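Chemist: Sequence:
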Amino acid sequence: MRYSEAKVKKFTNRKLYERLTLLNNEKSPDTRSIMVILSEIAQRDPAEYEAGKIEAEVEKSKRHTVMESTDILYLEIKYNEDYLAKPESETDPYERKLRLAKLEMVQKELGRRTK
3 MRYSEAKVKK
13 FTNRKLYERL
23 TLLNNEKSPD
33 TRSIMVILSE
43 IAQRDPAEYE
53 AGKIEAEVEK
63 SKRHTVMEST
73 DILYLEIKYN
83 EDYLAKPESE
93 TDPYERKLRL
103 AKLEMVQKEL
113 GRRTK
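Counting from 1, position 14 in the sequence shown corresponds to residue 16 in my numbering; the numbering is continuous, with no gaps.
The reader is advised that the hints may include incorrect statements.
[To be verified] Taking lysine-lysine pairs in the DSS-like style, the calculated list, with each CA pair at most 25 Å apart, reads:
no., residue 1, residue 2
1, K80, K9
2, K9, K29
3, K17, K80
4, K64, K117
5, K62, K29
6, K88, K117
7, K62, K17
8, K88, K110
9, K99, K88
10, K80, K29
11, K62, K80
12, K17, K64
13, K62, K12
14, K9, K88
15, K117, K80
16, K17, K29
17, K80, K64
18, K99, K62
19, K99, K110
20, K110, K17
21, K80, K110
22, K110, K64
23, K11, K80
Simulated from the structure, these hints should not be mistaken for lab results.
Source: prediction; values computed, not measured.
Use the sequences and the hints to build the structure in full.
Modeler: In structure tokens, the structure reads:
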């Protein structure tokens with residue numbers, strides 16, 4: 003699909019990330035559309051774009067989380083908590099934010115199941 007500058011300006015940060023990922027995963031990606039999306043990302047606030055990117059990643063994980071068994075969810079919580087327990091100097095700031103968001107999402111799903 004081709005994207006024009008006017009259309010891309012209306013996208014949320016999350017949608018920009020999702021569309022860029024889709025285009026990059028195509029066998030023969032439309033380089034013009036990729037360049038339009040990348041130029042729009044460059045014009046936006048990096049912190050807001052990162053938040054949209056994390057939101058998209060968490061939503062993608064949520065689709066898989068709702069199908070997992072409860073035991074797997076406990077393991078995923080432990081995995082994320084172990085990562086977050088490391089000193090901040092040893093971890094990537096983006097990865098910390100992503101894992102914190104995923105941890106909250108998994109805990110909500112687990113809470114929903116155990117009510």
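Chemist: Could you run down the list of hints and mark each one as holding or not?
Modeler: Going through the hints against the structure:
no.	hint	in the structure
1	K80 x K9	violated, 42 Å
2	K9 x K29	holds, 23 Å
3	K17 x K80	violated, 30 Å
4	K64 x K117	holds, 19 Å
5	K62 x K29	holds, 21 Å
6	K88 x K117	violated, 31 Å
7	K62 x K17	holds, 13 Å
8	K88 x K110	holds, 23 Å
9	K99 x K88	holds, 13 Å
10	K80 x K29	violated, 37 Å
11	K62 x K80	holds, 20 Å
12	K17 x K64	holds, 17 Å
13	K62 x K12	holds, 22 Å
14	K9 x K88	violated, 42 Å
15	K117 x K80	holds, 20 Å
16	K17 x K29	holds, 21 Å
17	K80 x K64	holds, 17 Å
18	K99 x K62	holds, 15 Å
19	K99 x K110	holds, 17 Å
20	K110 x K17	holds, 24 Å
21	K80 x K110	holds, 15 Å
22	K110 x K64	holds, 10 Å
23	K11 x K80	violated, 40 Å
The structure fails to meet hints 1, 3, 6, 10, 14, 23 from the earlier list, while all remaining hints are met.
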